[in-house]
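Engineer: With chain V held as given, fit chain L onto it using these hints.
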Amino acid sequence: MLSRVAESVFWMNRYVERAENYSRFIDVNHQLSLDLNDEFPNQWMPLVFTTGDAAEFQKKYETHSPANVIRFMTFDEENPNSIFNCLSRARENARTIRENISTSMWEVLNEFYLLVKEHKKNYHEKQNLSGDGISVGLSEFLAFVRKSCQSFYGCLDATISHDEVWSFALLGRFLERADKTTRILDMKYFILLPSIQDVGSTLDLLQWLSLLKSASAHEMYNHRYKKVHPKDIAEFLILNETFPRSIVFCLQEIEESLEKVSGTKEGLPRNLAQEAATTYLNRLRSENIDSIFNKGLHEYLDDIQIELNQIGSKIVERFFIN
Amino acid sequence: MFIADYESKNVYDEMFSKEGNARQSYHFLKSKMESLGGLELVKRSSSAEKALMSLGITFTLYGEGEQQERIMPFDVIPRIVPSEEWVRMESGLKQRIQALNLFLKDLYGEGKILKDKVIPRDIVESSAGYLKQCIGLKPPKDIWIHITGTDLVRDGEGTFHVLEDNLRCPSGVSYVLENREVMKRTFPELFDKLNIRQVYDYPYHLRSMLENLADVEDPVIAVWTPGVFNSAYYEHSFLAQKMGVFLVEGSDLVVEKDHVFMKTTKGLRKIDVIYRRIDDTFMDPNSFRPDSLLGVKGIFEAYKKGNIALANAPGTGVADDKVIYSFVPKIIKYYLGEEAIIPNVPTYLCSQEDDFKYVIENIHNLVVKAANGAGGYGMIIGPKSTKQEQEDFKKLIIGDPRNYIAQPVLNLSTVPTLIADKIEARHVDLRPFILYGKEIYVMPGGLTRVALRKGSLVVNSSQGGGSKDTWVLG
Numbered sequence: 001m002l003s004r005v006a007e008s009v010f011w012m013n014r015y016v017e018r019a020e021n022y023s024r025f026i027d028v029n030h031q032l033s034l035d036l037n038d039e040f041p042n043q044w045m046p047l048v049f050t051t052g053d054a055a056e057f058q059k060k061y062e063t064h065s066p067a068n069v070i071r072f073m074t075f076d077e078e079n080p081n082s083i084f085n086c087l088s089r090a091r092e093n094a095r096t097i098r099e100n101i102s103t104s105m106w107e108v109l110n111e112f113y114l115l116v117k118e119h120k121k122n123y124h125e126k127q128n129l130s131g132d133g134i135s136v137g138l139s140e141f142l143a144f145v146r147k148s149c150q151s152f153y154g155c156l157d158a159t160i161s162h163d164e165v166w167s168f169a170l171l172g173r174f175l176e177r178a179d180k181t182t183r184i185l186d187m188k189y190f191i192l193l194p195s196i197q198d199v200g201s202t203l204d205l206l207q208w209l210s211l212l213k214s215a216s217a218h219e220m221y222n223h224r225y226k227k228v229h230p231k232d233i234a235e236f237l238i239l240n241e242t243f244p245r246s247i248v249f250c251l252q253e254i255e256e257s258l259e260k261v262s263g264t265k266e267g268l269p270r271n272l273a274q275e276a277a278t279t280y281l282n283r284l285r286s287e288n289i290d291s292i293f294n295k296g297l298h299e300y301l302d303d304i305q306i307e308l309n310q311i312g313s314k315i316v317e318r319f320f321i322n
Numbered sequence: 001m002f003i004a005d006y007e008s009k010n011v012y013d014e015m016f017s018k019e020g021n022a023r024q025s026y027h028f029l030k031s032k033m034e035s036l037g038g039l040e041l042v043k044r045s046s047s048a049e050k051a052l053m054s055l056g057i058t059f060t061l062y063g064e065g066e067q068q069e070r071i072m073p074f075d076v077i078p079r080i081v082p083s084e085e086w087v088r089m090e091s092g093l094k095q096r097i098q099a100l101n102l103f104l105k106d107l108y109g110e111g112k113i114l115k116d117k118v119i120p121r122d123i124v125e126s127s128a129g130y131l132k133q134c135i136g137l138k139p140p141k142d143i144w145i146h147i148t149g150t151d152l153v154r155d156g157e158g159t160f161h162v163l164e165d166n167l168r169c170p171s172g173v174s175y176v177l178e179n180r181e182v183m184k185r186t187f188p189e190l191f192d193k194l195n196i197r198q199v200y201d202y203p204y205h206l207r208s209m210l211e212n213l214a215d216v217e218d219p220v221i222a223v224w225t226p227g228v229f230n231s232a233y234y235e236h237s238f239l240a241q242k243m244g245v246f247l248v249e250g251s252d253l254v255v256e257k258d259h260v261f262m263k264t265t266k267g268l269r270k271i272d273v274i275y276r277r278i279d280d281t282f283m284d285p286n287s288f289r290p291d292s293l294l295g296v297k298g299i300f301e302a303y304k305k306g307n308i309a310l311a312n313a314p315g316t317g318v319a320d321d322k323v324i325y326s327f328v329p330k331i332i333k334y335y336l337g338e339e340a341i342i343p344n345v346p347t348y349l350c351s352q353e354d355d356f357k358y359v360i361e362n363i364h365n366l367v368v369k370a371a372n373g374a375g376g377y378g379m380i381i382g383p384k385s386t387k388q389e390q391e392d393f394k395k396l397i398i399g400d401p402r403n404y405i406a407q408p409v410l411n412l413s414t415v416p417t418l419i420a421d422k423i424e425a426r427h428v429d430l431r432p433f434i435l436y437g438k439e440i441y442v443m444p445g446g447l448t449r450v451a452l453r454k455g456s457l458v459v460n461s462s463q464g465g466g467s468k469d470t471w472v473l474g
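As you go down the protein sequences, you meet chains V and L in turn.
For the first sequence, the residue numbers in the UniProt record's numbering are 1 to 322.
For the second sequence, the residue numbers in the UniProt record's numbering are 1 to 474.
Chain V with its partners taken away, still in its complex shape:
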């Protein structure tokens, strides 16, 4: 497979995964804000901190209004990671590798992009009338984004050979997903409670619950644990071996995909990307949630992000540049 094609497949999938995550982040926060009353004002900035694009946001917007945050994360053309931009880039990558993917995959992505573009136009028109960020139809739009991403995954799964193209697709998807799961967990770090006494309060739990929902993990968490408890949530999202959004799960997929694209049999020399993934996965498996909390969750999550970035750059060096 051409290196250029592998790189485009990888990024096409990262961008689709990112769009899906963003749509869930916004929606969960939106739902949470509807449950809160005047006593507990809702907060939108944590979303922007979570995505790591706060500097970009503050350059452009003066206030942290829901309208601005939502606009920034959905349709803003100047935010490289807005849903709209993720979709345009995913589609542009798909366009350069169309001969490697199935027509139905291309059609899903292309129609998806065209509809988001249409929504963007309508949104701007409505905005001009009302100036309100949380317009009717926001939840529907975000649900549409998630469903389209999922039909893209379904199409990928069912219509292309599970060969190299497929493995690079998974690499892109799971690297992005692992990164976003760390960011979801880290969101709690940025959401402020009115006072220290509120730790463990209804509000606190409501916020933790919304994190679970942001990772689409609510139902699966309930199967495993009886109560909503911060440590359990962190344990589930970092260390669970079977939940498809946990860090450990994502790393397992990354390790397996790397093995497939490297074509190295057991006992043969492995490349640096493989080494990095395996080493880190083993380290994670040897941890438990108490030791993680002792180090400090926020610091620990930072550390994971750094490790993921390093695996990412080793993939780039090994497969995309020659």
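Hints are computed from structural coordinates only; laboratory data are not their basis.
The following label-pair restraints were derived from C-beta to C-beta distances:
| id | chain 1 | residue 1 | chain 2 | residue 2 | range |
| --- | --- | --- | --- | --- | --- |
| 1 | L | Arg-402 | V | Ser-151 | 57 to 63 Å |
| 2 | L | Lys-297 | V | Ser-65 | 53 to 59 Å |
| 3 | V | Thr-103 | L | Lys-257 | 34 to 40 Å |
| 4 | L | Arg-289 | V | Glu-77 | 34 to 40 Å |
| 5 | L | Gly-37 | V | Ser-151 | 33 to 39 Å |
Derived list of chain V stretches under chain L, where covered just means 3 residues or more per stretch with a C-beta under 8 Å from a C-beta of chain L:
| id | stretch |
| --- | --- |
| 6 | 3–14 |
| 7 | 102–116 |
For each residue, glycine too, the CB sits at the ideal point set by N, CA and C.
Structural biologist: Below, chain L without anything else, positioned relative to chain V:
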């Protein structure tokens, strides 16, 4: 609306005779259109457009502000070519390609046709498509022109003429195949009733033609595109996908020890055959334009050593020079001893004294074109131009007479076309695609291009032209 009010005056109409009767091959289509009615036709047309949009069969307009994506305008009323007409056309096209191939072989080889003074040597040597670097080349299997898209037009009497030969990187075949898919969805009932010759196997023919060029079992084949910003990028990727071969850009390729490799995730991999959609002089900065950023250093040397096959062979451009074009009937006679089955359009060469004089005096009645122009650029249509435009163009001709030819304004035939909610006459041409492999294959039909502006004779998509599906019956 409707078809009863249709008018096409003083011109050969593909569907209706001068007396206003539908021609035999169009009887069924006409009655079907009448029974469907105007509203239904408009409805089907708009769902056809939606399908093209979903499939992403678009080109991008880069203008001010936001870039716009458009589909190539597509008209749902097909153009029909009766089978007896097609049989003649097919043999005419095969004859032409055979002769042109022999011409190229001779030209870059012994040069007999020049020694015999059938074509003046200076005309060949001054052609922009004539590449000295290709002298002495021996392409695999002695084939130079593998893929051709020949432009045909009808005159006022309905006789087909060759307007030009496109022997470098003719495009449009992907539209033929996609238009057909959309038409099958749009008018299933017509496909049920009419015996329309299929075109879907073109990519298989193309692939086996390319395989034929390599002497190895299971050759590695690639389509070479200039990249995603090329206006024909969609087609390049479409063909690679349908053939199941690699699509590469110059930066994916590298030449080592006179062999061509592509950069893969597992290291370098050798390629055997390249269908290149990049112009001759951009292919290799070592041998041609040193400023080419799209090219691959050393690929021409690899080609000369026989380590890579290229389609079309470098150097073929000389045979689609519009001046050389005027000699094609003589070329056919010289190599095959036959008369041309499909005539040329009468052509004046500005480099000839008498012709030059005639062109300058009659420019208002002529179409004048640059010898190497394409896409409807570098031309003037006399009767549709202003005095000033004519004067300006005369200066161009006087400055470089070798580079200009002139032809009478052909009254291109018309086909009924859906314009908003009316059916109106629009001028068309036809570009069939021809493959030269083990034998010569002519795709039944081809791309019918439509000049969508009323009265316009310019069908190029870069000038606002559209397309129609072309049906060869029987």
